[in-house]
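Those protein sequence lines, which keep their order, are chains A and B. No gaps in the numbering here: position 272 of the first sequence is 271 in numbering that gives the first Met the number 0, and each next residue is one more. No gaps in the numbering here: position 54 of the second sequence is 53 in numbering that gives the first Met the number 0, and each next residue is one more.
None of these hints come from the bench; they were simulated from the model. Relax, there's no trap hidden among the hints.
Here are the simulated DSS-like pairs of lysine-lysine, each with C-alpha atoms no more than 30 angstroms apart in a straight line:
#, chain 1, residue 1, chain 2, residue 2
1, B, 42, B, 9
2, A, 417, A, 458
3, B, 42, A, 122
4, B, 42, A, 136
5, B, 42, A, 103
6, A, 549, A, 211
7, A, 385, A, 424
8, A, 136, A, 66
9, A, 458, A, 439
10, A, 102, A, 185
11, A, 211, A, 13
12, A, 417, A, 437
13, B, 42, A, 102
14, A, 66, B, 77
15, A, 432, A, 385
16, A, 102, A, 136
17, A, 136, B, 9
18, B, 77, B, 9
Calculated from the model, a selection of chain A residues having no Cβ within reach of chain B, i.e. all distances over 10 angstroms:
#, residue
19, 103
20, 188
21, 224
22, 226
23, 254
24, 272
25, 340
26, 431
27, 438
28, 486
Where a beta carbon is used, it is the ideal one built from N, C-alpha and C, also for glycine.
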Amino acid sequence: MPDSNNNRINILVKGIGVSGGVAIGQAVLVERLTSELAPRWIINAEDVPREVQRFEEAVETAVDRLKTIKNHIQPQHPLGNHTYILDTHILLLQDRMFYEGTKKYIASELVNAEWAVAEVVGKITATFDTIEDEYLKERARDIYFVGERVMRNLMGLSSQTKIHQMPPNSIIISHDLSPADTAQIKRESVLAFAIDMGGRTSHTAIMARSLKIPAVTGLENISHRIQAGDKIVVDGSTGVVIVHPDPDTIFRYRERQEIYRKYQESLMTFGRLPAVTRDGSHPVRIAANIEFVDEIEMAVNHGSEGIGLFRTEYLFMGRQDLPSEDEQYEAYRQVIAYNAPSPVTIRTLDAGADKIATSLNVAPESNPALGMRAIRLCLGHPDLFKTQLRAVLRAAAHGNCRIMLPMISCLTELLAAKEIIEEVKSELAAAGKQFQPKVKLGLLLEVPSAVAIADLLAKEVDFFSIGTNDLIQYALAIDRVNEHVNYLYDTLHPAVLRMIRHVSRVGEARGIPVGMCGEMAGDPVNVPILLGLGFADLSMNPLAIPMVKKLIRSVSMDECLELTRQAFEMSEARPIHEFLEAWLRERFPYDYFLDYAGAAA
Amino acid sequence: MTCDGEVHEKTMTIGNQLGLHARVATMMVQAMRNFSCHVTVVKDGVEVDAKSVLGLLLLAATPGSQILVRAQGPDSVKAIEEIRRLVEHQEPNAN
Numbered sequence: 000m001p002d003s004n005n006n007r008i009n010i011l012v013k014g015i016g017v018s019g020g021v022a023i024g025q026a027v028l029v030e031r032l033t034s035e036l037a038p039r040w041i042i043n044a045e046d047v048p049r050e051v052q053r054f055e056e057a058v059e060t061a062v063d064r065l066k067t068i069k070n071h072i073q074p075q076h077p078l079g080n081h082t083y084i085l086d087t088h089i090l091l092l093q094d095r096m097f098y099e100g101t102k103k104y105i106a107s108e109l110v111n112a113e114w115a116v117a118e119v120v121g122k123i124t125a126t127f128d129t130i131e132d133e134y135l136k137e138r139a140r141d142i143y144f145v146g147e148r149v150m151r152n153l154m155g156l157s158s159q160t161k162i163h164q165m166p167p168n169s170i171i172i173s174h175d176l177s178p179a180d181t182a183q184i185k186r187e188s189v190l191a192f193a194i195d196m197g198g199r200t201s202h203t204a205i206m207a208r209s210l211k212i213p214a215v216t217g218l219e220n221i222s223h224r225i226q227a228g229d230k231i232v233v234d235g236s237t238g239v240v241i242v243h244p245d246p247d248t249i250f251r252y253r254e255r256q257e258i259y260r261k262y263q264e265s266l267m268t269f270g271r272l273p274a275v276t277r278d279g280s281h282p283v284r285i286a287a288n289i290e291f292v293d294e295i296e297m298a299v300n301h302g303s304e305g306i307g308l309f310r311t312e313y314l315f316m317g318r319q320d321l322p323s324e325d326e327q328y329e330a331y332r333q334v335i336a337y338n339a340p341s342p343v344t345i346r347t348l349d350a351g352a353d354k355i356a357t358s359l360n361v362a363p364e365s366n367p368a369l370g371m372r373a374i375r376l377c378l379g380h381p382d383l384f385k386t387q388l389r390a391v392l393r394a395a396a397h398g399n400c401r402i403m404l405p406m407i408s409c410l411t412e413l414l415a416a417k418e419i420i421e422e423v424k425s426e427l428a429a430a431g432k433q434f435q436p437k438v439k440l441g442l443l444l445e446v447p448s449a450v451a452i453a454d455l456l457a458k459e460v461d462f463f464s465i466g467t468n469d470l471i472q473y474a475l476a477i478d479r480v481n482e483h484v485n486y487l488y489d490t491l492h493p494a495v496l497r498m499i500r501h502v503s504r505v506g507e508a509r510g511i512p513v514g515m516c517g518e519m520a521g522d523p524v525n526v527p528i529l530l531g532l533g534f535a536d537l538s539m540n541p542l543a544i545p546m547v548k549k550l551i552r553s554v555s556m557d558e559c560l561e562l563t564r565q566a567f568e569m570s571e572a573r574p575i576h577e578f579l580e581a582w583l584r585e586r587f588p589y590d591y592f593l594d595y596a597g598a599a600a
Numbered sequence: 000m001t002c003d004g005e006v007h008e009k010t011m012t013i014g015n016q017l018g019l020h021a022r023v024a025t026m027m028v029q030a031m032r033n034f035s036c037h038v039t040v041v042k043d044g045v046e047v048d049a050k051s052v053l054g055l056l057l058l059a060a061t062p063g064s065q066i067l068v069r070a071q072g073p074d075s076v077k078a079i080e081e082i083r084r085l086v087e088h089q090e091p092n093a094n
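Use the sequences and the hints to build the structure in full.
And the structure:
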C-alpha cells in the first residue's frame, strides 16, 4: 500500500491538537533555511528536466548577481581587497560537487530543486565539519551562503512572489514555522500543519486557527519520521497524526471529517445570537482578533461585534520595504468601515521577538522577547510610528476606531507615545487632512510591570485590554515555543488569575473598561472565570466565537461566580485546570469530545 | 576528453599562514581554467580536481603541510609552476 520503503501502516503519532478539523493529504516537508522555507516534495521522472532547469536558472541568477555586486565595488572601497570572496562564491556555485551534484540528486532521488540544494549543501557542510583547522572549517559558511542564495532564487524571494506554490492537498510537516512562514502559505493548497515544536499558544497555532487549517504541534520529531509524499491524516481536534493510513482508517477519518463539518455548521447558529448569560444579567461584547484585512468577513460571519485586536504587523511582514501611509490607511479604513459602528481596536506595530519584520533591519538580539520590540521599536523609530499613526487617525474618520499600544512597561513610555500621537494630530490638522482627533487610546497589558502599576496607567488612557499570551510568558518566565518548558505555560496559573483579577478591580475603581484579547479569552475552559471576574469585553480568534457564545448563553452569573470562587481557593494550575475542564466536559459533553479533548490534552 | 601526454608531478609545501585558504584556492581555480591539462592535487591520499574550489578547500591543507600536484596534458609544466607560485608564496595578511 504505502509508496515509500517504510512498509508499516497506520503509524500513530500524538501531539497537541491546536486547530480543529480533519485533513487527509500528502506530506510536504518544509525546512527552515535561515529565515525562509525550503519546501520539499517528490516529483515524477518527467518533471526532472523542469526541476534541473529551475536549478540552473537559479544558479545563473546567483552568479550574475554576485558579478554585479563585485563590479559595483570600487577599488578604493574598504571591501576592495576582499572581493575575492565573491569570486570564491561564484566558483562554489559553479563547482562540480555542488552544481552537478545537485542536478544528479534531483534526477536520482526525484525531488524538487529546493530539496536537492538543501541536501547537497548539507552533505558538503557536514564534510567541512570533520576538518580540524578552524579557519578552513569556517568555509562551510561559504557553501551555506551560496546554497541560501540559490534557494532564495528558486523560491522567488528576491521578487515579491510568496513561498513557492505547494502541490494541491499538501499537509505541511516542519520542525518549526515562524509566523512569517505561516503568513506566506497559500490556503488553497495547504490542508493542514503537523509541527515538531510549539504548543497551543504558539503563533503558528494561533495562525492555523485563524486560517481555519487543522494543525497539530508538539510532535517532537515528526519532521524526521515522515517522508515527503507520504499519505497522512491530521486530526487537529484530538492531536493525532496517522502516517500511511490504510483504506479503513481513511474511511473512518472521512466520516469524522463529515461529523466535524456538521458540528461546525450547527455551532455557527450561536454566532448570530447575542452573548448574554442565561439569567440575562451579564451581556458580553464578543469581538474578533484578526491579522489580515480579508478576515473581516469571516469574523462577522462567526458572530463578532467589532474587532478587539487588529494585529498590524502582518502589513509589515514578508516584504523588503515598509508599507506606506496610504497602503496602511487603506487596510485600516477597510476594516473600520466594514465593522462600523462596532469598534475596531488597532494595535500599533508589535514587531519584534518571533514576529520581526525583515524590513525593519532590526539587529539580531540574544533575547528578542525582552528586546527592541513593539512600542520600544516605535519610540526608537518615530518616523515609522508616525506613519502608522497618521494612517490610523485618518482611517478612524470612517467609523469607530480605538488605538491600542502594545508592550508598555512604564508610564514614561506611555507619555512619550501620547506626545507623539498629539504631534501627529497637530501635523494632520495643519496639513488640512481629514482625520478623527477623538480616537480612544488604550493599553495592551502584557508586561507584568504594567499590571502592577495599572492604577497609575489608568489615569492616562481610556481602556485596558489584557494580552494574555505575552503576559503569561513574561509572568511565568516561560518561552511558549520552547518544547522543553512550555508544559509549564498555564493560563490558569494562580498568579495569572490574580493578575487578571487585579486589573479588573483597578478598571472598576478607576472607571475604565477592561477587556481581554489574548488566546485565553477564546478558550471555553477559561470563560466562566472571566465572567466571574466581571469581564464584559472579550476578543478572540473568530473561529472560537460560536462556542464561547454558546457557553455564555448556557451559564448563569451565579454559576460563574461560584466556579471563580472555588478556582481562587486552589493553589496550583493543574487542579484548577482539571476542575474547570471537568465542569466543561460535564456541561458540554458533545462539544468537549469533538472540538476540545485534543486541544486540552 | 582525456588529455594525452606525460604525467608530471611535483611535491610542494603550503607556505602561507592560513593554509590553502579561500583566496588561494580561488586564485588557483581561476588560473587553472586557463590551462587545458588535467590537474589534480593530492594530500594524504585524497586526490581532488585543481579546478574545484570545494575540492581544494576540503583537502584541509594547513600551513606547512605537503601536497602533491599532478598534471597531464600539453601545458602541464606551466600549470604546476603556477600552482607552486601560488601556494609557496607567503602572504602576510592573508584572509
